[in-house]
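Asks: Sequence:
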Amino acid sequence: MGEDHTSKLVGTAWGLLILNTLGSAGAVTIVPLPRSLIQMVTMGALVAAFALALAANLRLRVHASSCVFLLTLLLVPSVISSAHLESGFGALFRCARLMLFVATLWLLSRWWDGSLSFVRHHIRVYFVVLGSVAAGLVMSPGAAMPELYGGRLVGALWPLTPPQIGQYAAVIIGLTVLLLLGRRTDRASAAFVIVPSLVLLALTHTRTATLGLAIGLVLAIGSLVLTSSAARRFFTWAVLLAAVAAVALGSLLQAWFLRGQTKENFSSLTGRAKVWDALLAAPRSTSEQLFGAGLGDKSFGGLPIDNSWLAVYNEQGLIGVALVGTMIVVLGGVALLRPPSLQRACAIFLISYCAIASYTEAGLGDASPYLLHLALAAALLAAPTEAPDLATPDVPRRRVPRWARRTEVS
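Each residue of the sequence shown is one higher than the one before, counting from 13 in my numbering.
Be aware that one or more of the hints could be misleading.
Taking CB as the label site, the calculated pair distances span [said to hold, decoys possible]:
hint, residue 1, residue 2, range
1, S263, S78, 22 to 30 Å
2, T248, A294, 45 to 53 Å
3, T338, M151, 43 to 51 Å
4, R132, A242, 14 to 22 Å
5, R245, L349, 38 to 46 Å
These aren't lab readings, by the way, just hints derived from the structure by calculation. Glycine included, C-beta positions come from ideal geometry on N, C-alpha and C.
Turn these sequences into a full structure, and let the hints guide you.
Replies: See the structure below:
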């Protein structure tokens, strides 16, 4: 199998993993899509991703990855808790999905060598997803910004919620900015991605994604300041522009940030705090505390949990929380120990973004875009495979006949 063909298989498999994590619930689309059809497409994408990854890696060679190893361990509490069927048979289905998701990551880990190839796959696929959102906005502005979501942008062609769109936009904006600073893309290509993504992010009014983008870029660019003059210039200009915007547009920014909410609603994080308090106050057995109640739809009492740590605690228990926390700490520790580089900066951005978003978004304990972001960070931090020493090839010695060893005496 040629190298180019293998690269296409790997890139397509990564794109299918992204399609699988888009979800099956969201806004009302222009053309109604049955939930069963959406689930068939997303699950079919996961099966196809596994098949392509297996076809590209028939010898089952994998790269040692603490991130994927910890995700594999996370399957243990997931299966144990889901086997009790407290969350119904859907829990077992979600366990099977998570197993296939992790298995596909193991197969793709063979190509995790610290290069930027998966970053480019990440940006391209999510940019296509955002393109569908923009197309829905042009086709039907009313359906794309419905009153049900307070006039915030949603997916009108594929059911995507404002937090999802904001997350995708923020991640590709951050990665593209870092590629531009590292001179791995030109300004025209970067503007083609960044400008429309910023517009879509603003239309979603997603505070978590905006804060994650800002803080993630500060940390990532800060890791390049000592070694990159471009990063120093960008950081200086960004600080100046932010200060001017805060003074000149303070009231507008405050109105955008509050989204018309009352102070009471804002202080309770749009009602999230009430769900969190009820979840923590609910009685649990020792088994439920350790292993959780099984993989579900990340809700409690019919309301979304919207917190990765509490969602993991509810579904995979304290063991799951410990494993997910260890994964974040290990990835962050490895990133800090790596010498300054563009790959390290991209990994720092992804890790910090996921850590910030975990407070108001769920997904770190199940197949989700957040796990793909962390897997991409692991791929960027992976040490490249050492090539064999071509100066001293391991060639078997050729047997020389005894008569040829004799030398003539002159």
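Asks: Each hint needs a verdict: does it hold in this structure or not?
Replies: The hints, checked one at a time:
1. S263 - S78: 22 to 30 Å: violated, 47 Å
2. T248 - A294: 45 to 53 Å: At 50 Å between Cβs, range holds.
3. T338 - M151: 43 to 51 Å: holds, 45 Å
4. R132 - A242: 14 to 22 Å: holds, 19 Å
5. R245 - L349: 38 to 46 Å: For L349 against R245, whose Cβ atoms are near 27 Å apart, the range 38 to 46 Å is violated.
Violated hints, in rising order: 1 and 5; the structure is consistent with all others.
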